[in-house]
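Trainee: Protein chains in written order, with the UniProt record's numbering: chain A, 1 to 307; chain B, 1 to 307.
For the record, the hints were derived by calculation from the structure and aren't laboratory data. Treat the hints with caution; some may be incorrect.
[Unchecked claim] Once the Cα atoms are required to be at most 20 Å apart in a straight line, the calculated SDA-like pairs of lysine to any residue come out as: (1) B:Lys182 <-> A:Lys24; (2) B:Lys34 <-> A:Gly130; (3) A:Lys39 <-> B:Asp149; (4) A:Lys182 <-> B:Lys187; (5) B:Lys9 <-> B:Arg92; (6) A:Lys182 <-> B:Asp149; (7) A:Lys24 <-> B:Asp281.
[Stated by the list, open to error] Quick list of simulated restraints, FRET-style, between CB atoms: (8) A:Asp298 <-> B:Lys34: 30 to 38 Å; (9) A:Tyr31 <-> B:Asp257: 43 to 51 Å; (10) A:Gly185 <-> B:Glu230: 23 to 31 Å; (11) A:Asp281 <-> B:Ser41: 21 to 29 Å; (12) B:Ala202 <-> A:Glu282: 58 to 66 Å; (13) B:Asp128 <-> A:Gly279: 40 to 48 Å; (14) B:Arg92 <-> A:Asp8: 39 to 47 Å; (15) B:Asp42 <-> A:Ile294: 52 to 60 Å.
None of the values given here were measured: they were computed from a predicted structure. Virtual Cβ for every residue (Gly too), placed ideally from N, Cα, C.
Number of protein chains: 2
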Amino acid sequence: MGMDRLIDKIIEYKNPTVAGLDPKLAYVPEYIRKECFAKYSDPLEASAEALLCFNRALIDALYDIVPAIKPQAAYYEMYGWQGVRALTETIRYAKEKGMIVMTDGKRNDIGATMEAYATAHLGVTATDAGEVSAFDADMLTVNGYLGTDGITPLLNVCKERDRGIFVLVKTSNRSSGELQDKMIGSKRVYEVMGDMCEAWGADTIGKYGYSAVGAVVGATYPEQLTELREKLPHTFFLVPGYGAQGGGAKDVCGGFDKNGIGAIINSSRGIMCAYQKEGCDEADFAGAARREAIRMRDDIMNAIASR
Amino acid sequence: MGMDRLIDKIIEYKNPTVAGLDPKLAYVPEYIRKECFAKYSDPLEASAEALLCFNRALIDALYDIVPAIKPQAAYYEMYGWQGVRALTETIRYAKEKGMIVMTDGKRNDIGATMEAYATAHLGVTATDAGEVSAFDADMLTVNGYLGTDGITPLLNVCKERDRGIFVLVKTSNRSSGELQDKMIGSKRVYEVMGDMCEAWGADTIGKYGYSAVGAVVGATYPEQLTELREKLPHTFFLVPGYGAQGGGAKDVCGGFDKNGIGAIINSSRGIMCAYQKEGCDEADFAGAARREAIRMRDDIMNAIASR
C-alpha cells in the first residue's frame, strides 16, 4: 500500500537513493561494446545488448546496498524496439535481485490510452492466450498536465497491484519555472500540481503516511523542496538533480520529513559513469559504481543526521 | 520546413484528417487473432503480430486518400517490446506507402534525456556500427510542462531532418481544465502554453505560414479551438476528439484558417472499429475503415466549405 514497499527497502538498507540507469552507448566500457558489436550485425541489437550487459553488471554491484533502480525509458527507445527489449530484461533482472524498479517514462494521456500505459508499465495485459505482464515495473513517473482523467487509470492499477506513481511537480531543469513557477491566484503552478497529488493519493496512504502518488521535485530547487515537504505530508518525493545536475546533499535534505523519510534521491550519470570520473580501469566500472553509490549514501545520510 | 510536407499532402488529398492507429487486441477481427495465436506461442508476440496485420490492412485501405497515420505509443507498449516492434514496422510500412507518420507519444523530459527521445522518434541514433533510425516518424506529440529545456532538443532535430512536433495545449478530455483552464494573470494556462508554441516555432516557419511546432487542441472545446486559431497564427493544430469522444464536424471548423488549412483532425476508434459499428462482415474491416474515412473527410470538408 502507498510507498510502503519502497520505504521498507530504504529503511532496511539505510539508503534513500536510487540508481538511475540511463545508459547511452557512450557510457558503456569499450570492451563490452566491442564484444556486442562483434556478436550482432544489427547495430541496434548490438547496442541494446551492450546496454543490457552494462546494466546487469551495475545491478550485480548495487542490489545489496541500493534499494531501487530508475531506468529512463528515453535511452532505451533511442535504440529502437531492441533497446526497449533491453529495458524489459533490465527490469526483470533488477526485480529478480530484489530491487524496486521505478520506470522514468513521464507518460501521460487520457482515459483508455492512459489505461494502456498503466497496463503496459505497471499492470497485466490481457491477450487471447491469458494475462501477461509487459514491463512490470513497480513505479512509473507521469506528467499530470491533462488532469484527473490522466491519473485515475493509474490509481486503479496502483491499488490492485500495490504499485506507485510519481507525478512531475517541480522539475530540476533551469526552465522549469517558465510554466511551473507561474502564479495561479495565490499559488504557483507547481503547488497546484502538488495539491492534486495529495488529492489523487488520498485513499492509498500506507503505514508510513505516504500515498501511492508521489511527486518529482528537483534537487536544484532546495527551497521549493523544503516548502513542498511541509505542504504535501502524504506525497513521497523522487528527487532528481543530485550530482551531475548540481544538487548537493544539503540541497536534498529538505525533502525528508522529521523521521528522515519521505524522499528518494536519484543519481544516474554519477553512478553509471563513476569509472570515467574516477579514472580507474574500465573493467572496474561496476566497482566504481558501487563505491560512488556508497559515497552518495553516506553523503546524504550524514547530511540528514546533521541538520 | 515547418508543416509543409504534411500540408502539401493534405492539399493533394483534399483531406485534413489523420487515422489514429491505437490498436487494442479487442479491435482486431477474430480471424486475424486466431491466425496469429496459432502461429506464435508467446502471447505478446502473437498479440503484436495481430496488431501489425490489422494495421497493414488499414494502411493499404487508406494510404491513397488519408494523408497521415497517428499511432498511439501506449497501445504498442501495452504489448511489450514485441508491441513496440510492431509500432516500428507500422511506421515503416506507412512511410513506404507515402503516408506521414505522427507518433502520439506525448514524450517529455529535459536536456540529454529529451535529446534521446528526439533521436529515438524523429532522428538518427549513433552506434558503433554507424547511424541508424530507431523509429523514424515524421512527427511526435510532446508535453511542454517542463518548459524550453524540454523542447529545444526537438527543435534541433526538426530543423536538421524536416520533422515536426505537436505540444499539448488544450486537451480533449473532461478534466483538462483542472490545470489548463486556470488563470495565470490575464491568461489561461493553455494560452500560456500556446504562446510558448509560437515562440518555440518562430524560426521554423514554412511556406504556408506554419512552424514545425504544432499544438494539440481538442475538438471537444470548439470555442477554445476558434480562439486559439486566431491567437496562434503560426501554430498548426492536431485535433483529437472527433467522433468517439463527441466532437462533430462543426466543432472542428474553428481550427482551420481562412484558407481552409491549419489543422488536421484525428479519428482513431471511428476508423479502426468502423466494421463493428457498421455491422459488416469482419473480413471487410479495412473496407469499412475506408468508407468511414471518406465519410469523415466529406463531413469535415463540407463543414469547412459551408461556414
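Trainee: State for each hint whether it applies.
Mentor: A quick look at each hint next to the structure:
1. B:Lys182 <-> A:Lys24: Given pair Lys182 (chain B), Lys24 (chain A) is violated - Cα atoms ~39 Å apart, limit 20 Å.
2. B:Lys34 <-> A:Gly130: holds (14 Å)
3. A:Lys39 <-> B:Asp149: violated (38 Å)
4. A:Lys182 <-> B:Lys187: This hinted pair holds, its Cα atoms lying about 11 Å apart.
5. B:Lys9 <-> B:Arg92: Holds: Lys9 (chain B) and Arg92 (chain B) sit about 18 Å apart, inside 20 Å.
6. A:Lys182 <-> B:Asp149: holds (16 Å)
7. A:Lys24 <-> B:Asp281: Violated, because 49 Å separates the two Cα atoms, which is more than 20 Å.
8. A:Asp298 <-> B:Lys34: 30 to 38 Å: violated (59 Å)
9. A:Tyr31 <-> B:Asp257: 43 to 51 Å: violated (58 Å)
10. A:Gly185 <-> B:Glu230: 23 to 31 Å: Holds: the Cβ-Cβ distance is about 27 Å, inside 23 to 31 Å.
11. A:Asp281 <-> B:Ser41: 21 to 29 Å: Roughly 44 Å apart at Cβ, these two residues miss the hinted range, so it is violated.
12. B:Ala202 <-> A:Glu282: 58 to 66 Å: violated (44 Å)
13. B:Asp128 <-> A:Gly279: 40 to 48 Å: Given range 40 to 48 Å: violated, Cβ gap about 23 Å.
14. B:Arg92 <-> A:Asp8: 39 to 47 Å: Holds: the Cβ-Cβ distance is about 45 Å, inside 39 to 47 Å.
15. B:Asp42 <-> A:Ile294: 52 to 60 Å: Between Asp42 (chain B) and Ile294 (chain A), where Cβ atoms are some 40 Å apart, the hint is violated.
Going through the hint list in order, the structure does not satisfy hints 1, 3, 7, 8, 9, 11, 12, 13, 15.
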